[in-house]
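Trainee: Okay, here's what each chain looks like letter by letter:
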Amino acid sequence: MDVLDIAIALIKIVVMFVVVLLTVAELVYTERKISAWIQNRVGPNRVGWLGLLQPYADVVKLLLKEDIVPAAANRFIHTLAPVISIGVAFSTLAVIPIAGPTITLFGRTVHMVIADVNVGILYVLALTSMGVYGLTLSGWASNNKYSLLGGLRSAAQMISYELSMGLSLIGVIMITGSLQLTDIVHHQHGWMWNLVLQPVGFITFLVASFAETNRAPFDLPEAEPELVGGYHTEYSSFKFALFFLAEYANMITSSAVITTLYLGGWQVPYLETFGLSDGWMVLVQILAFMLKVAFLLFFFQWVRWSVPRFRYDQLMNLGWKVMLPLAIANIVLTGALLLFL
Amino acid sequence: MTFETILFYVLALAGIVSALLVITRRNPMHAALFLIVNFVALAGIYLTLHAQFVAITQVLVYAGAIMVLVLFVIMLLNLQNEQDLFEKRSWRSYSGPILSLLLLALLLRTVAFVSGGSFDRISPESERIGTVANIGQQLFTAFVFPFEMASLLLLAAMVGAVILAKKRFP
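For the protein sequence lines, the chains are Y and C, in the order given.
The first sequence begins at 0 in numbering that gives the first Met the number 0 and counts up one residue at a time.
The second sequence begins at 0 in numbering that gives the first Met the number 0 and counts up one residue at a time.
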């Protein structure tokens with residue numbers, strides 16, 4: 000471990016960070032455009048070509064606004080909460096592999112993943128469980144009943160769905176026999192994606208991801224008709240922008256995790272038959288990975304503008320009485336199939 | 000001094016300071032938050048000992064799940080008169096320090112007995128012991144009976160919770 004290794008790791012982190020930030024900006028744009036198309040409107044089309052610069056205008060607007068902290072709020076925790084949200088959303092990406100072969104830079108072999116930990120999946124789950132704090136603390140620190148209700152809802156919702164999320168992952172772990180994300184991707188060679196091998200697990204994981212990211216139809220922590228703005232009612236200016244950023248960064252993170260676990264990660268079927276060099280392989284695989292993530296992001300937005308929000312009791316019923324038994328049944332079925340086939 | 004030793008001292012300092020803050024803060028919310036910091040620092044120390052599984056479980060279960068419930072309870076109770084909690088002198092406030100001192104003596108005795116003063120090297124065996132594969136293997140072979148007993152205990156607790164939470168018996 001010398002300076003060059005540290006420099007390479009830093010470059011990887013910075014590149015990942017910048018790519019995600021830029022993607023978030025364009026995600027806000029596509030969200031508005033997709034919602035417009037679905038609702039038969041035009042959507043943003045004034046700032047820049049086809050309105051493409053609209054998100055940047057929004058960011059500038061948010062930053063120029065006054066930062067208001069309620070008088071009775073707990074100032075420290077009020078500021079800490081959005082930082083936790085954004086930190087958790089970004090750190091998960093550290094273990095996601097984006098391409099298979101290694102490339103050589105300055106005489107070093109560079110792996111296409113920031114940190115290849117051997118407890119990769121557990122790391123993802125641990126960070127997801129830390130993500131609850133951002134919303135819960137923001138709700139409590141604002142000293143506002145709507146914020147508190149939103150924060151409490153988010154805590155209850157995320158804990159409930161974490162269970163089915165963790166249990167649906169076990170099927171994947173059983174098939175692969177490893178917790179390391181690079182192993183899981185290598186195991187999904189060709190068309191043997193976990194989507195094909197674990198259809199039930201994929202559905203429960205996808206639904207749980209929606210709940211974990213607080214996206215519609217599970218966006219109860221910020222349900223406008225009942226809670227004004229939910230946990231971020233009392234947030235303005237840059238802190239509000241951070242929550243906004245965290246929501247979209249969370250979407251990217253979950254899409255990347257779903258891609259890695261169920262959609263074969265960077266795997267492109269029959270790619271090795273073309274006899275490409277490692278450099279080209281890496282490029283094609285990164286593109287494939289990004290395409291899969293982009294499709295999932297579109298799916299997230301498509302669902303948001305097509306499905307109405309659940310009622311709170313429906314959400315809990317779905318989580319505990321449908322998703323949890325399904326995930327457990329999936330484990331039993333996978334175990335039986337692995338044993339007898 | 001190796002990188003790992005520096006890391007150990009940083010994490011240990013973070014752990015001790017946050018633990019002190021947990022017991023000195025008057026605001027229960029702040030105390031709970033510092034407890035989370037303490038858990039994360041502990042998880043870091045486990046990582047320097049090559050115990051990845053224990054470290055991740057520490058974050059996942061203690062920092063991620065149990066502390067959320069603690070915060071939940073603090074938020075719902077909305078303690079207004081937390082000063083009163085400090086005024087009361089019961090047998091609890093005296094037994095706590097005594098028990099902690101006894102525990103400290105026990106820990107110091109154990110540390111002195113095992114290491115003989117040196118603690119800055121890690122056994123090479125630890126890299127093999129701490130992996131998920133090894134822990135799973137041990138749990139389902141050598142320690143399968145205590146493991147199943149623990150799961151029975153958890154099941155009993157779960158049944159109890161369901162019965163307590165039920166509004167009326169059919």
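It should be emphasised that the hints constitute simulated quantities derived from the structure, not laboratory data.
One or more hints might be untrue.
To be verified - Only pairs whose alpha carbons sit at most 25 Å apart, straight line, appear in this in silico BS3-like list of lysine-lysine:
#1 Y/K60 <-> Y/K32
#2 Y/K320 <-> C/K166
#3 C/K165 <-> Y/K320
Said to hold, decoys possible - To give an idea of the interface, some chain Y residues facing chain C are shown, with a C-beta separation under 7 Å as derived from the structure:
#4 I7
#5 L9
#6 I10
#7 L51
#8 Q53
#9 V118
#10 A125
#11 V131
#12 W139
#13 A154
From the three backbone atoms N, C-alpha and C, an ideal C-beta is built for every residue, glycine too.
Trainee: Tell me, which hint numbers fail for this structure?
Mentor: 4, 5, 6, 7, 8
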